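Enquirer: Now for the letters of each chain:
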Amino acid sequence: MILSLLFFTFSFVFYLLTALLYVGNWVFKKKWLGQTATAMSIVALFSTTMILIVRAKESGHAPFSNLYESMMLFVWAVNVGYIAMEYKYKFKVMGVFVMAFEFLAMLSASLLPYKFKSAEPLNPALQNKWHWMVDLLSKIGYEKYAIGWLDFHVFTTFIGYAGFAISCGLSIMFLLKNRAEEKGGNNFLLDAFPESKILDELSYRTIAWGFPFLAVGIVSGAVWANYAWGTYWSWDPKETWSLITWFIYAAYLHARVTRGWRGKKAAYLSVAGFAAVIFLYWGVSFILPGLHAYA
Amino acid sequence: MATGEKIWYKNKLWYFFNSLKLTLGVLITLAVVSIIGTVIEQNQQWPMYVARYGATWAKVIKTLRLYDMYHAKWFLFLLALLTLNIIVCTFERFPPKWKSLLKHKPSKYDPQSFTRIIENCSQNHSVNFSGGKSAAKERVLSALKKKKFNVVEYDGDGSLGMYAWKGAIGRLGSDFTHISLLLILLGAIVGSFSGYKDFKIINVGDTVDVPYNEFKVRLDKFWIDYYESGQIRQFNSMLTVVENGKDVLTKQIWVNEPLYYKGVRFYQSSYGQSWSKIEEAGIGIVNRKTGEAIGEPITIKWDEMLPVPGTKYSMKLVAYSADLGIDEQTKTVFSQSQDPNNPAVGLEIYENGKQVKEALLLLKYPGVFQALPTSDKDLVLTGYRGIMYSGVSLNNDPGTNIVWAGSIVMGIGFFFAFFVFHRKVWVNISETGGSCQVKFGGIINKNNLLFEKELQDIADGVNNSGSKS
Ligand code: HEM
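The listed protein sequences correspond, in order, to chains A and B.
Per the numbering used here, the very first residue in the first sequence carries number 1; after that it's consecutive.
Per the numbering used here, the very first residue in the second sequence carries number 296; after that it's consecutive.
Among the clues, some could well be false.
Label pairs and their computed distance ranges (CB to CB) [claimed, not checked]:
id, chain 1, residue 1, chain 2, residue 2, range
1, A, PHE188, B, ASN445, 16 to 24 Å
2, B, TYR365, A, SER110, 33 to 41 Å
3, B, ALA700, A, LYS57, 35 to 43 Å
4, A, ASN186, B, LYS398, 29 to 37 Å
5, A, THR9, B, ASP515, 46 to 54 Å
6, B, TYR365, A, LYS57, 35 to 43 Å
7, B, LYS557, A, TRP132, 19 to 27 Å
8, A, LYS57, B, GLU448, 57 to 65 Å
Pairs of lysine-lysine, DSSO-like flavour, derived with a Cα cap of 30 Å [unchecked claim]:
id, chain 1, residue 1, chain 2, residue 2
9, B, LYS403, B, LYS719
10, B, LYS492, A, LYS183
11, B, LYS572, B, LYS626
12, A, LYS238, B, LYS607
13, B, LYS461, B, LYS511
14, A, LYS90, B, LYS442
15, B, LYS607, B, LYS584
16, A, LYS238, B, LYS354
17, B, LYS442, B, LYS394
18, A, LYS238, B, LYS403
19, B, LYS368, B, LYS357
20, B, LYS441, A, LYS90
21, B, LYS442, A, LYS88
22, A, LYS265, B, LYS748
23, B, LYS516, B, LYS572
24, B, LYS392, B, LYS516
25, B, LYS626, B, LYS440
26, A, LYS265, B, LYS741
27, A, LYS197, B, LYS392
28, B, LYS392, B, LYS461
29, B, LYS748, A, LYS88
30, B, LYS741, A, LYS264
31, A, LYS238, B, LYS442
32, A, LYS88, A, LYS238
33, A, LYS144, B, LYS441
34, B, LYS443, B, LYS649
35, B, LYS741, A, LYS90
36, B, LYS741, A, LYS88
37, B, LYS316, B, LYS394
38, A, LYS197, B, LYS461
39, B, LYS546, A, LYS139
40, B, LYS492, B, LYS461
By construction, these hints were calculated from the structure, which means they are not laboratory data.
Just so we're clear, the structure is a prediction, and the values are computed from it rather than from any experiment.
Every residue gets a Cβ at the ideal spot worked out from N, C-alpha and C, and that includes glycine.
Given these sequences and hints, build the entire structure.
Expert: See the structure below:
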């Protein structure tokens, strides 16, 4: 517990610093601030990776088995997604929102009650490893690091969540920027945003990542359920909500590709989609009864 | 097909199902109504709904079948609507798309029309190249090839043309996706019509029949693994498939690791202390009058026959009940619960190899039933060693494989739809006095940002004048 807690504390501070640096870059528009912010986001990513690795070592299984661990995974995935995007498109203003979001996620993770944090051994239903991987790794004596459907399922689902989170952020930025553009005039903060057209496009591109990943998450969950519960689909609230979320984004894609819904309407749908994701992730676990213990 | 031509299926209904507004409507409706089923707990007992929602709302729940919403007719109707919508859309759009993908190359080169196309492209460039036409052509070709474009060249009067494309297969992504959805739905339908589910309690050592199949399964062993902390790590059953009296397959199953044989899966789903079978019992011999024990109790195994010392009888252990109850009407015994509240064993008593009596020994009430027909001795139950049972779920679902096949097709579809983009580029090179003007423009079906950069790269690759185009 000690070592992962240490990395948690580091990451917590790093995300705060990173967020502040991006804000600084946004307000003061200094190149060195932007570069430091990017460097810091990579340091934070490294630290978050360490939380996951150390946690896996401490519990003896992939660190995806309770709410706290899944939040670390979420924070990690959002950070990876953001860094990839900054590298590809070179827009640093997004960092302000993404890193502030990361910091808030860390804050809420730190406030979780103990029972959602403690590293527990896996209950029988959560133990599933790929045979081929066990066989492969046992040749070098590392079979205990083999993963299975559960790990794959959680991992892909969270990449999907991260894509939707970033898209939601971009859509909010779009709405702000779009309003400023319509009103005309200068706004010293919003002028630093990319053009609204670009924000709209990027928001779509991130959904184009999130949507298939959520689908892979749903399907791998079905494969796993078929092993664990004997049926691939049982309309459990979590399953149903993942489908609901997926339908919302399917509607988004169709509205966009074929009915030409761009801009505002698309942005609102993206925000609605992310609201569904939040409910899927948190709401279902706490409010609705079901087979999924967490996440 | 020519306009005005009427085809039998092209009526109003067809147009209704061909509509994307319908798609959006159905998708959003499905999303919204699905919420209901996650809020109202499904498949509970009727009184629960009355207690929680009151009589009026409970009636609504009953009428609309909200207690089993995902199987309600109206919900299935929505799914059917979506399915028809997908089928019609795919039929309507796929053939023309396929045709246009097959003959996308301009058949002849007309510099004028190329220039016009290029000007109409959302992305277009005009670059000066100092050098001859053929050098310019080489330059453009290599820039396009570097980006992995397919290129056809055209020669015109005085100018050169090129048409380049890549990622055409990406256009089929949505069709793959839609067909995969149909496959998944088909799998679900096949499963609901031809599969079956069952649940069997198997005592250690027992063999049970598998419904609709010739073979049987036997539970050889059941055991639980623990963590050091005492928490349960896993429960396991050793199952053997018996076919035509022969053991054909033995496999250890646990939660998450089923046994699969001839289309049937056997899942570990529960376990417990058996209430109808034990491993062995301790039988004491007592003086019938005084109840005093005579000698040490004997241990008798299930189905074992042992002589009762000091008498002419033998006994065989054949029955056990954890919570003995007697049905007043049929005079038969049964177990009232799974808990050992009133444990009892049944013995068959033999004399000279012939059964003369069935005896019932109660652990808590020794001597209430006489065990041996004529003797001054009697039998009492002094103890027993129970066995475990394993709860095994059986499942046969021939639709599952169709669902997985559909999922794979969906993966391919997503890859094409989201990560392969169809780009088309037209190039026109015209020479005026030792230098060339290279005009090119292109379209992409989505992801304009990427394309903008790509065309800029090509422009930079062609440009040798040093000035930015
Ligand atoms: C759950 C239901 C559905 C899902 C998950 C789904 C999925 C998809 C996906 C992933 C795409 C590609 C989007 C993109 O490239 O950004 C797409 C495109 C499309 N879908 Fe669907 N679809 C569904 C139902 C339907 C239905 C019922 C129709 C019939 C009207 C339809 C018509 C289309 C059309 C016309 C396109 C655009 C094709 C193109 O651009 O080449 N979809 N769909």
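Enquirer: So which of the earlier hints does this model not fit?
Expert: Of the numbered hints, 1, 4, 10, 12, 13, 18, 24, 25, 31, 32, 33, 34, 40 do not hold.
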